[in-house]
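Asks: In order, the protein sequences belong to chains A and B.
Going by the UniProt record's numbering, 265 is the number at position 265 of the first sequence; the sequence numbering is gapless.
Going by the UniProt record's numbering, 120 is the number at position 120 of the second sequence; the sequence numbering is gapless.
Read the hints as simulated data drawn from the structure, not as lab findings.
For glycine and all other residues, C-beta sits at the position ideal for the given N, C-alpha and C.
Check the hints yourself; a few may be wrong.
Pairs of lysine to any residue, SDA-like flavour, derived with a Cα cap of 20 Å [unchecked claim]:
id, chain 1, residue 1, chain 2, residue 2
1, A, 415, B, 434
2, A, 587, A, 607
3, B, 52, A, 976
4, A, 415, B, 52
5, A, 618, A, 607
6, A, 289, B, 14
Computed list of chain A residues with no C-beta within reach of chain B, every gap over 10 Å [said to hold, decoys possible]:
id, residue
7, 189
8, 448
9, 501
10, 697
11, 883
12, 905
13, 977
Letter by letter, the chains look like this.
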Amino acid sequence: MNVEYAELHCLSNFSFQRGVSSARELFERAKRQGYDALAITDECSLAGIVRAWQASKDTGLPLIIGSEVQIEGGPKLVLLVENLTGYQALCQLITRARRRAEKGRYQALREDLSEGPLEGMLAIWLPGHADTDGRWLLERFRERLWLGIELHRGPDDALQLRQCLAQASRLGIPAVACGDVHMHARGRRALQDCMTAIRHHLPVAEAGCHLFPNGERHLRSREELAQLYPADLLAETLRISQRCHFQLDQLKYHYPHELVPPGHDTTSWLRKLVEDGSRWRWPDGIPEKARAQLEHELELIADLHYESYFLTVHDIVRFARERGILCQGRGSAANSSVCFVLGITELDPVRSKLLFERFLSRERNEPPDIDVDFEHDRREEVIQYVFQRYGRNRAALTAVASSYRATGALRDVAKALGLPPDQINALAGCCGRWSEHIPDDSRLREAGFDPDNPVLRRVLVLTDALIGFPRHLSQHPGGFVISEQPLDTLVPIENASMADRTVIQWDKDDLDAVGLLKVDVLALGMLSAIRRCFDLIEHYRGTRWTIATLPAEDKPTYEMISRADTVGVFQIESRAQMAMLPRLRPKTFYDLVIQVAIVRPGPIQGDMVHPYLRRRNKEEEVDYPSEELKPVFERTLGVPLFQEQVMELAIVAAEYTPDEADKLRRAMAAWKRHGSLEPHRVRLTERMLAKGYQPDFIARIFEQIKGFGSYGFPESHAASFALLTYASCWLKRHEPAAFACALINSWPMGFYNPDQILQDARRHRLEIRPVDVRHSDWDCSLEPSRQAQPAIRLGLRMVRGFREADAQRIEAARQRQPFTDIHDLCLRAELEPRAREQLADAGALRGLVGHRHRARWAVAGIEPQLPLFASLPAPEETFINLPLPSVGEDLFNDYATLGTTLGPHPLLLLRDELKARRCRSSRELSTIEHGRPVSVAGLVIGRQRPQTASGVIFVTLEDEFGMVNVVVWRDLAERQRRPLIQSQLLRVDGHLESASGVRHLIAGRLTDLTPLLTGLDVRSRDFQ
Amino acid sequence: MLWACILLPQLAMDGILRHCDDAAAPLVLLAGPPQRRVLQAVNAAARKLGLKPGQSLVAAQALTHDFATADYDPLMIERWQQFLAAWGYGYSAQVSLHYPRCLLLEVHSSLGLFGPWPRFETRLREELTDLGFRHRITLAPNPAAARVLANAHDGLAVTDTAVLHQALGVLPIERLGLPREVSTSLVRMGLRHLHQLLALPRDSLARRFPAQVLAQLDTLLGHRPLPLEFYRPPDVFDTRIELNFEVESHQALLFPLRRLTADLAAFLAGRDSGVQRFSLYLEHRTLPDSEVPVGLLSTEREPAMLFELTRGRLEHLQLPAPVLAVRLLARDLPAFTPAHQALFDERPQQNVPWEQLRERLRARLGDDAVVSLSARADHRPECAWRESSLAHTEPLPQVGLRPGWLLSTPQPLREEGLLTLAGPERIESGWWDGADARRDYYRVQTATGQQGWAFRALTGGPLLLHGWFA
């Protein structure tokens, strides 16, 4: 029997909580079943269509693009795309329906079909409705309308078929068979029931009326279909599928035109901007090397037709510059001379060792990639500018298809299967936070579950199937797609959860596949801090720095970095980075590029760190696997550290074409998602073996490729980051007061909280002055001091819970006239009781009334006054003598209200006590030899469990002199879980390990000394 | 007057532990919403494991798994308070539950009966210990002071005002029963003890703190009385009618029964409650009382109905001996929600209302003989209906024609001469409870013209009849 069939009504798992098979599963199954074509018709969405297209290309089974839409108060339709016009009409229809409703929902109205042009769109009317609907649709779609008959072995299929056929002939609409497919195979029935229950927020056992009665909604064999449907209904599917020949590669994407003024084309305008920029960057004349580089790049850009892309990014950056918003580009094309003169990056590529060709090449068919970081608290201005400049119909944010991880999947499934909340929590607790696997049996037994229990089995099996499924669309943090034509003719647009935000239905990978270009408008806290620092310096010293004008290759700065004196700077401030600095001892900018990239999970997993260090310290010969690879690996001493090097290696040693190398790069980035690295492994190995490379070298390279996949750091990104690292280090070295001040004013950001930044500042002998309503602004500020560095005056932003508006009124009132007393303050700054109490608690009133007890008494006595009597002095009250707060109380209150103290460090108060317990301080530690047993106590300010270090926990302790790094091995961590997790003040007995200036305490025993602290609020950064 | 304060610091925990076999095993009480369970109370053994009140359950489980949990139930606490108040009522006519988890007893008037205070106190402690409640006891001339002293003392007895002022003066501010934010403010001003507070000018305090602060201080010092609400024993309906002669027939019991049920109805109306369960006791000369338990499906208080029901139950009883007295005891008196009644009752006289009929049937045929049927949303036919005593409606899936009554077990059907009228209708459902059904159903007609509903499992096997169409 030879039945031909194309499935025209099929949902993928992008119909969230309805479809339970991925496009790939569907296509593979349809191919095996011998279908002629497969339509993917997700409900009012094209979010999954790019993946479907890829699956279609991989399987060779044609894809029909479509969507299932329920018209409100009307019929339900499957709309199929015949050609480009139809595709655009469908995108617009989905956009209209989605934009009308809140995020994640849609509302399609009859008018959507009455107004828009419907050419190129075919419709299948799903039955169950009145003849009037049919006549109305017939009027709209004419010969492009079918009546879909879907038989699923219901109570009486024969009767249903007869009725549908009668209706079809009565109305003169041709009938066609379709399957309402929700899953690729019957085996997904349980998952489908489960998702239905989740969608309705019910346990499966109570969701009876929502569940399908059977599992027939899968891709059935053609024989089965032939039993159910008359042959002509099946044959009709082919007539429809043969009409639908639109594919996504027919989309044409154009750049916005308004970037170019009349009289110019994109090429001449870009050249003009580059010339203007060159004069700005090099007022004394352009160096010859730079000029040649620029010419070369412009030529390449023109060849590849990427002018508009550079113009688009330039326009955004120009706006930011005009508003004084600091920004810095990164990404494959960002480190070009063109980007430097356009102001997109501050990194002069002539100064660094980087080559533009490495990032953008003629042969590689790779779109340029520029991400621009903006100050984190001002990025919204930039986003709104983009929307306003191009209009909401031409600019939108990219979506992120967030997918189920183990915890979320387990929670949803367990809830649907009716497990009680306590057990769901306990089960979810068995999964790692970002895990993509169900917990193993031993972990479950540990948590008191029986993995063989049938209920739990069901939960686990379903969870396993659900992990990795898309869950919902959310908004990308800053990826913009901008186009010349309305975006909704390329892709449907929907509402994001934030007001005034719209997102397209495709994510980053989808855009790449379809060839749409995106600009990332990202947020970076360090940029805010650097800009604030520049402002502070200008205000205090009258000099205006920019990132580009900071003195390059400054020796004292590199000396500071080599001492790992890097609290608060960009990227190299983390525990692991600090441990590496004294060993690597960066001396040049490129060393910083390496430093930023090397302490990442990729290189660590690929075991590249130690070889590099040994070679750098001349403990090991620098050698290359072959002479031809020397140019590739020379700059990293023969050790592959960057993604770009792997690509070059593929080209040089395995004879990849640049285009293939780019495919390798994509595969590297996505191998977890698609697992498609194996063909590359085979190819690389074969070709490299043929050229005489050692098998173990090849194997190692391949491990590194996998490491890059998850956490790779391309050289281009590392270079942009290293520039910010250098800038922040220079500022910390030469303007430490302004730098600390700016960091605190930009908080929350970075690795350290204001307390730790201030402790560091005090260790550098900076003067820090307390919060005081007579002097403090909202922000921390600089005040003249007798030292070379100004003093830092803490701002009212340090007072926990204090509002900025109150601070501004204080500033304004103080400028008119200094405050005479507390009554005057509360009255003129219009402070509410809450604000007054916060000031009293924080000790900010000490200049007006004295210590905290007095301040609180005074503040409580302020009575509201009518404006009429505002000028009258406050009623006199008998003076009351209140006891003085103790040092401990002040310390406690400082931490409770400011999160820091300018008084003695808590450990100083406990030092005698600790000495009696034979605990050493961090200062004493620096004089103790390697391998000696030692006991230390300190405040726990951080606990880290790096993914790369199997089960080791790094604890950072702080005392009055500095920090101590403690290593807790896994078995100890398990044995002494309680003190490890609960202690705020921790005593560690262990032995010291010291190598090239790096000191670790290897813990042998942990003791919780928290009771000594009673009441101190120390917040640690736990397991981040 | 003298007031004893009995503070029950571990009431919730003790209430549960007194029913536990092993009170030394770690136990925690949980409160809070399901997503964020918090440890409300822990026993000594649990404390040793590092568990403490306020911890989240997740945090506790991160530390250890070796502890049992129970729910912290405010209703249970209320019940124990009532229980202890009833116990205290035996020692004083003025017992108050004014403060939570605390009994106030006026003992001055009881000292004559129960001895001088130390002896009285010992007796109270012994009994409380036997009952399984940890406690602290203080004595003071006014109830507020007694309560406050119990925060810091156990066993302190103050009978004299001057001594009282001394004892109160050194109490920490936080223990004075002031609103928490007030005591926090005071402490944050450096004021630690009551005597410091009393040294301040009243007007300065009045300016800074709500009026209730000065009021509380005055109450503590005995300058101002504390209005108390006193405990009253609980309400039960317990009425007994002694008969003038020995009754040997049901008929003669009906008159007193009608009185009793009418009184019950009046009593219920008076307190706006109803009754769902009560017992009628028939007292005999030598034999133990005969008990006639009466249970209703819903709360009722209509006299005729109560009478009718009780009569129905009574008539089932074989009187073992003549009856001397009748007693009606109703302890369970829940709130009453009246059934809707139309303004114009159009019911014909002969018709019995459905509720009354239902109760009469239950009374005559037995409780288990009358059940309701309801439909369930489940694709498996055998799960789609169930017996239940409560009517519950949920939206149902659309299904085809099905028999109204299914066979309890499907039976094999001889296949010769069968005519298939419709089908197969495929049903695949129920994997979640381990009884996954995968069947093809057919509507069939036998040679005799009877229509049935039969299925064959998807895995194969005989055709099984599941029900007949009527």
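Asks: It remains to establish, for every hint, whether it holds in the given structure.
Replies: Status of the hints after comparison with the structure:
At most 20 Å may separate the alpha-carbon atoms for a hinted pair to count; residue 415/A and residue 434/B meet this at roughly 17 Å. For the given pair, residue 587/A sits about 23 Å from residue 607/A by alpha-carbon distance, which is inconsistent with the 20 Å threshold. This hinted pair checks out: residue 52/B and residue 976/A have alpha carbons roughly 18 Å apart, not beyond 20 Å. At roughly 29 Å between alpha-carbon atoms, residue 415/A and residue 52/B are farther apart than 20 Å, so this suggested pair is violated.
Distance hint between residue 618/A and residue 607/A is fulfilled; the C-alpha atoms sit about 18 Å from each other, no more than 20 Å. Among the hinted pairs, residue 289/A with residue 14/B is inconsistent with the structure: their alpha-carbon atoms are about 86 Å apart, more than 20 Å. Look at residue 189/A: its CB is around 6 Å from the nearest CB on chain B, not clear of 10 Å, so calling it non-interface is violated. At the 10 Å boundary, the C-beta of residue 448/A falls inside the reach of chain B, the nearest C-beta of that chain being 6 Å off.
The claim that residue 501/A lies off the interface holds: its Cβ sits roughly 28 Å from the closest Cβ of chain B, which is beyond the 10 Å cut-off. At roughly 45 Å, the least C-beta separation between residue 697/A and chain B is larger than 10 Å, which holds for a residue marked as non-interface. Not every CB of chain B lies more than 10 Å from the CB of residue 883/A, the least distance being 4 Å, so the non-interface label is violated. Every beta carbon of chain B lies more than 10 Å from that of residue 905/A, the smallest distance being close to 23 Å; the non-interface claim holds.
For residue 977/A, the shortest C-beta to C-beta distance to chain B comes to about 7 Å, within the 10 Å cut-off, and the non-interface label is violated.
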